[in-house]
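Asker: Chain residues, written in single-letter form:
There are 4 protein chains.
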Amino acid sequence: MIGSEGQRVRSATRYTYLGPEGTFTEAALRTLPEAATRELVPMVSVPAALDAVRAGEAAAALVPIENSVEGGVTATLDELATGEPLMIYREVLLPIAFALLVRPGTRLEDVKTVTGHPVAQPQVRNWLAAHLPDAAWESSASNADGARLVREGRYDAAFAGEFAAATYGLEPLVTDIHDAQNAQTRFVLAGRPARPAARTGADRTSLVVWLGDDHPGALLELLQEFAARGVNLMRIESRPTGEGMGRYCFSVDCEGHITDRRVGEALMGLKRTCPKVRFLGSYPRAGVDPDDRSGALGTVRPGTSDRDFVAAADWLAHCQDGRA
Amino acid sequence: MIGSEGQRVRSATRYTYLGPEGTFTEAALRTLPEAATRELVPMVSVPAALDAVRAGEAAAALVPIENSVEGGVTATLDELATGEPLMIYREVLLPIAFALLVRPGTRLEDVKTVTGHPVAQPQVRNWLAAHLPDAAWESSASNADGARLVREGRYDAAFAGEFAAATYGLEPLVTDIHDAQNAQTRFVLAGRPARPAARTGADRTSLVVWLGDDHPGALLELLQEFAARGVNLMRIESRPTGEGMGRYCFSVDCEGHITDRRVGEALMGLKRTCPKVRFLGSYPRAGVDPDDRSGALGTVRPGTSDRDFVAAADWLAHCQDGRA
Amino acid sequence: MIGSEGQRVRSATRYTYLGPEGTFTEAALRTLPEAATRELVPMVSVPAALDAVRAGEAAAALVPIENSVEGGVTATLDELATGEPLMIYREVLLPIAFALLVRPGTRLEDVKTVTGHPVAQPQVRNWLAAHLPDAAWESSASNADGARLVREGRYDAAFAGEFAAATYGLEPLVTDIHDAQNAQTRFVLAGRPARPAARTGADRTSLVVWLGDDHPGALLELLQEFAARGVNLMRIESRPTGEGMGRYCFSVDCEGHITDRRVGEALMGLKRTCPKVRFLGSYPRAGVDPDDRSGALGTVRPGTSDRDFVAAADWLAHCQDGRA
Amino acid sequence: MIGSEGQRVRSATRYTYLGPEGTFTEAALRTLPEAATRELVPMVSVPAALDAVRAGEAAAALVPIENSVEGGVTATLDELATGEPLMIYREVLLPIAFALLVRPGTRLEDVKTVTGHPVAQPQVRNWLAAHLPDAAWESSASNADGARLVREGRYDAAFAGEFAAATYGLEPLVTDIHDAQNAQTRFVLAGRPARPAARTGADRTSLVVWLGDDHPGALLELLQEFAARGVNLMRIESRPTGEGMGRYCFSVDCEGHITDRRVGEALMGLKRTCPKVRFLGSYPRAGVDPDDRSGALGTVRPGTSDRDFVAAADWLAHCQDGRA
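Chains as they are written, first to last, in full-length UniProt numbering: chain A, 1 to 324; chain B, 1 to 324; chain C, 1 to 324; chain D, 1 to 324.
If a hint is listed, it holds; no wrong ones were tucked in.
It does not matter which identical chain is meant; a pair holds if it fits inside one copy or across any two.
EDC-like, lysine to aspartate or glutamate: derived pairs with alpha carbons at most 20 Å apart:
#1 276 x 306
#2 276 x 308
#3 276 x 243
#4 276 x 314
#5 112 x 134
#6 276 x 84
#7 112 x 152
#8 112 x 138
Calculated directly from the structure, the hints in this document are not laboratory data.
Generate the whole structure from the sequences, applying the supplied hints.
Answerer: Next comes the structure, spelled out in structure tokens:
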């Protein structure tokens, strides 16, 4: 709980994020230009960061949603799928590379115990085996928390972002550690529902779709609603609905913007035929050069551009009026 | 050529049909209430009947389009697919049963030669084998023409509709002859393009779709445009485009009316993705009790009623406005 | 009826065809090398030609099955779909160009009446309008029959194959007449069921498939049985089953040979899921250079070659044995 | 590392599981009849439990794979998808209900601090809010570990299985705590590859499928390989391949056994068309009454039973031999 009286006035300029300070999430947040003029408030968990937005205590929250090594961040997926609706307005892609943080003066051969977030462990496992085969690993609540525990002397070294060193008075002994090539985490900036971010030509649309229980081909039909309109899927992840084993909803990202006709028609198709659909926002894809955004349209399947949709609607009207 | 000067004034009350008089087409035309107040003009061929409409010499033409034994009437399918556009406003279903027409006084044992349209022959083959195994068959240009030739003494008997007997001064010696159970012919009333017939709740929509040449899965995609919107196909027939072996267009009938949202969206899907689509009309299905027309809606797949489409469009607008 | 006693001995070397002499069918038949050593017997109709084979009075029959302008030859499609089974072993493609045959000495300006098979008429309509706008057309039972009637003086000119001139003592006044570019007719050589023609690498497989009555998506599923195995459709034609309006079976040609694994699996899929399937043969595609036959394999979709099928079967066996 | 010399002899009777003692995994393992005669060895992690099997130090490992509230257990999914192959031979479904374990004598009003595995927290959140709104939650490494920490006095109460009370000298103060109805965890027993478990008529088949990178419709095609053979999907979960954002493989369970023809053909279809497929086993579905196993066959789609496959293969052979 951040808020108390008087604070609500300031909530419009406040962004929460998955804390503590010194995490990759904070680093991702600081890549946003507007972060410089916002009050950035670390929260103890993804639900806490998002609930502050729901409660009107913050304008938006930055939380991790997907990691190229570990997969979907289920707390984020589930929080966005349920409860009071939120919407995604931005995404941030951050390359994930770890530094081994130590108290000043520590040498590699002195490191007997290491710590880090459980999610970090599989991403540095090979490096550990090669360089510190005898060091004992213990998990900490976050990478930043691990750094704090090193500061306090509980462990010899912590895996964390290099940027966390200064915050915790540590030194990066080794940098750029990552077992997987191209490891990245994707973060989303979520706020209360409002008009989606403007279309840029290289956008992503997120939604959650619940399928009917009794229908073996329901997932196939979900995909066909996209395929029938030439809309490419970028990500699909099943999540339990909590109603019992074998019941799932699907967290889905597709290419394009809700104001693209092909995307709009696909979404309406899902809305008509699935028990429940939650729209989570359309927003610019990260990692696309601004000058190339319109170029991304080159991948649109023939017959599915806005122009094709408008021409077809005109033709239909002509047919209905007997002028075709 | 019917028209000459002065006639054009009367063309609005003139219907052409595939003649000559006494054919099943005339019998089908006379089942239409308005036929009583129209000038009914037999034409020598399907193209002639339709060209009279195109030339403004008649308001509409009734022509056969499909027979439950012989299949599609290719002259009609091809005439509607090409040339100046026409549209279908009505269909008529006529049970096909033949009478054996003879000159008065002829007995069955006197019948040594029989005639009829080539299309009639396979529909009476079994009856002939059973009752007139030694009679010789020769084809005539139409059933009615066969009756005329019997009148003139060239053959002993003709297969034709019982209603043709009076016209040609003959007697029906045997009636209700038909090898196949439920043999029917479907006729369509075609006019110049105008607003389609009003929706009744039990309608049929006809179109012609050309597929891209180079795409093996193109027919599958055509069908999926219908399936994705829950629109049932009633008939599909391939026709050569005339551009060489292996190039086809498809004459298609689906359930529903062009003003049904699901049908409209399917048609727009075809328009967007196929090189060419010709809309041939939406019109009431024959053979449906007027009181049951709305009941036919019971077969609509969940999520594809007009109500579902409108609700989904509302939802999309809400999402785009940030109010979902 | 050809056969009488003593003839059966010779039936193994007899081929029937759709007569009379001088038709395109005869010309097509004579392109087959073995025709030189067969007795070629013209028959009055497609059913008659095929029934002679069924009755053991001929080894095979050549009949037209498809014309690039007029479409499927329904008599052939229906005869092969029903009755005692027959199989196709060869196909012949014949370019269709007409000659205007006249009695020696006739000049173009003398031609007031022309005749020909009804199917020929739409293929020469434009030529007639341009060169003989005032000539009256009357149909004859076949192109060859029309030539005979010109010989007898009933008409001034007949459209027929140039090769028919000598047979009927006429002269080709104009040759190479054809409104459509690339007009072709496809003929098939049908015999009693036996081992299919050997695989060549560029083959065609023909079948007839009946769909369940009550299933709107049945045609889509038929196509998916092919698509799921990467088998391209070459032709699909709906034909009424004779059981009433709206009931169809489908005459289908696909690329490949029944011994190609992908074709075999698709056929088994149809056999399992459709009420009735009739295999009509696998045979070399006409119009493919013998040296290019294996090259046609280039169009096989990845994962659907025989090699892929065999490798997958091996893998499955390994999995079932616990060795994968 | 369990093994040392001499132990390998006993490895055939040793089962590892995700420890420590007192977890739900141990409770699940003890539901297996053969557990009574096995040495049950708790391991520190899922990878450790499975690696012991790979190393030959244990015959099998029981690990959680899916929870109806929290979703897939990614450590298990990823371990089975990569590294030296393992296979699943059994599954166990365990209802998940927590007990609040305390030191003897503790009353509910005395509980100020509670602990448990992070996964337990969302499953008891509502209960906590209702009954212990002021208690502070801290996560522990496992539910059993939390119980140990209560024993040591670090926390007042731990959420764990009721069965863990005795092990740790605690008392269940409240039992049967679960926010979600029907919460269940599914566990799998994995061993080295061998012949799959025998078919029972109510089976599940697990596999991992990698899709081609460059193909937007690849997931749709994966599903169609199942749908084309009437095989129902039970679970599908995307997992990153580790090769970068946007690259996924799919962990899939379908109904049926690898020796069911429809399943075998679907698997071969995947093998042919996907870059990589790993078969993870066919095994009896848990939670099905043994007497009802054959009854589960009632859900097989017409045309996809083994009988249908065999009949179709016979028909194909007849066609290929000219006997159809």
